[in-house]
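Protein chains in written order, with our numbering: chain R, 1 to 292; chain W, 1001 to 1112.
Just so you know, these hints were derived from the structure itself, not from any lab.
Note that beta-carbon positions come from the ideal geometry of N, C-alpha and C, so glycine has one too.
Mixed in with the good hints, there may be bad ones.
[Stated by the list, open to error] Which residues of chain R face chain W? A few of them, derived with a C-beta cut under 7 Å, are:
1) Phe87
2) His88
3) Val91
4) Val99
5) Phe100
6) Leu103
7) Pro115
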Amino acid sequence: MISRSPLKIAIASGKGGTGKTLLSTNLAAYLSEFEPTLLVDLDVEEPNDALFINAPLLSTANQHKMIPVWNEQECILCGKCARVCKFHAVVRLGKTISVFNQLCHSCYACSELCPTNALPMQTHIVGETRFFEKESLSFIESRLVVGEEQAVPLINKTHSIAQQKYNHIKTHLLDCPPGTSCPVVAATKDAHYVILVTEPTPFGLNDLALAVETMRQLGKDFGVVINREGHGNSSVKEYCQREQIPVIASIPFQREIAELYSTGQLVYSTIPAVRQALEQIALVIKEKGAAR
Amino acid sequence: MKIAFTAAGTTWDSQIDSRFGRTEFIVILNEETQQLEVIDNSAVKNEAHGAGTATAQKMYELKPDVLITGNGPGDTAATALKNLNMKIFVDAHNLTLQQAYNSYKSGSLKQL
């Protein structure tokens, strides 16, 4: 067999709280019963898969971005740096050049254009990646430092770690942040298939439609998983039918699932309906892998 | 004394713009000459990020003694303004510049 790059499955949603973590963690554990699987928690602003994946921590690594640091001795206060900064991260405040790290996009313009090299770029810690391993399940999460505003660079960095370090694992599950903004685009951009988790409520439908629009713009192949099926209404199903979006599985609205979840447990081994949903999703993943 | 206002317009009867970073105009009253100077800040509308630091930089160039505004600068802008010797008075929303100035003079505006 020809070796190929991993199949990347993103688990995303428009609305938060629809069940991305529930699905990601259970699906990862389930798939790893059959073959080595990697789970990547890309919700770097609030990663929580680790609460459910009971695996030992192997190692951690700091993640950085490059930011300019002002060298007062070299500076002639010409203000070029402040003029070229698109993000107003570098400003001239009287006789001081101030760098606002949280606004800096590491474009190097100020540093490169400074006539006296007074703004050399230096590393700045933005987050940490943690590596876990348990039997056939590998799991990594990245966590942004509190106060850091930009999730995208850390998400991109985590992608490349997964790519480099876990290239031998055939299936990568990417647990994405909620919403439809830049972090979601960054998290899903390399995915071969996107699972959009939703719930059968008006909120779920509204945000699903936004997520669908985003995925179509990105040219992604995607399907929907309806969580908490049985409460709310049928509008999500009708929407998917109308838009010809496959509903690849449903997870029922059951108190027992919520109870297990609330104590940090995986549910598929005790709730048959969840295992059944995972079996259906696994089949779709297999098809997507074969069709590549 | 130079008094700066974040303003939605360019005259004494314009409303205070309650925002600092994204204020439409900065109007400066020179108390000695009673002249108004207007600085157009509307280009900041096109900026997705950094409006606060950009407007703070303008304040360092204009060097007013007092700023009268609405909500007050956000966290980042406040950090940027820290070394500028400028008193900041807030909560002047819904007032015209004239009314805000009178309130400041009578001591009824809140100082940050």
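Against the structure, the hints:
Restraint check, phenylalanine 87 of chain R versus chain W: the minimum CB separation of about 5 Å is within 7 Å; hint holds. Nearest Cβ of chain W to the Cβ of histidine 88 of chain R: about 3 Å, under the 7 Å cut. The hint holds. At its closest, the beta carbon of valine 91 of chain R sits 4 Å from a beta carbon of chain W; the interface hint therefore holds under the 7 Å criterion. The interface hint given for valine 99 of chain R is violated, since its Cβ lies 10 Å from the closest Cβ of chain W, which is over the 7 Å cut-off.
Look at phenylalanine 100 of chain R: its Cβ gets to within about 6 Å of chain W, closer than 7 Å, so that hint holds up. Interface hint status for leucine 103 of chain R: upheld, as the beta-carbon distance to the closest one in chain W is roughly 5 Å, under 7 Å. For proline 115 of chain R, the interface hint is violated, since its Cβ never comes within 7 Å of a Cβ in chain W; the closest pair sits about 20 Å apart.
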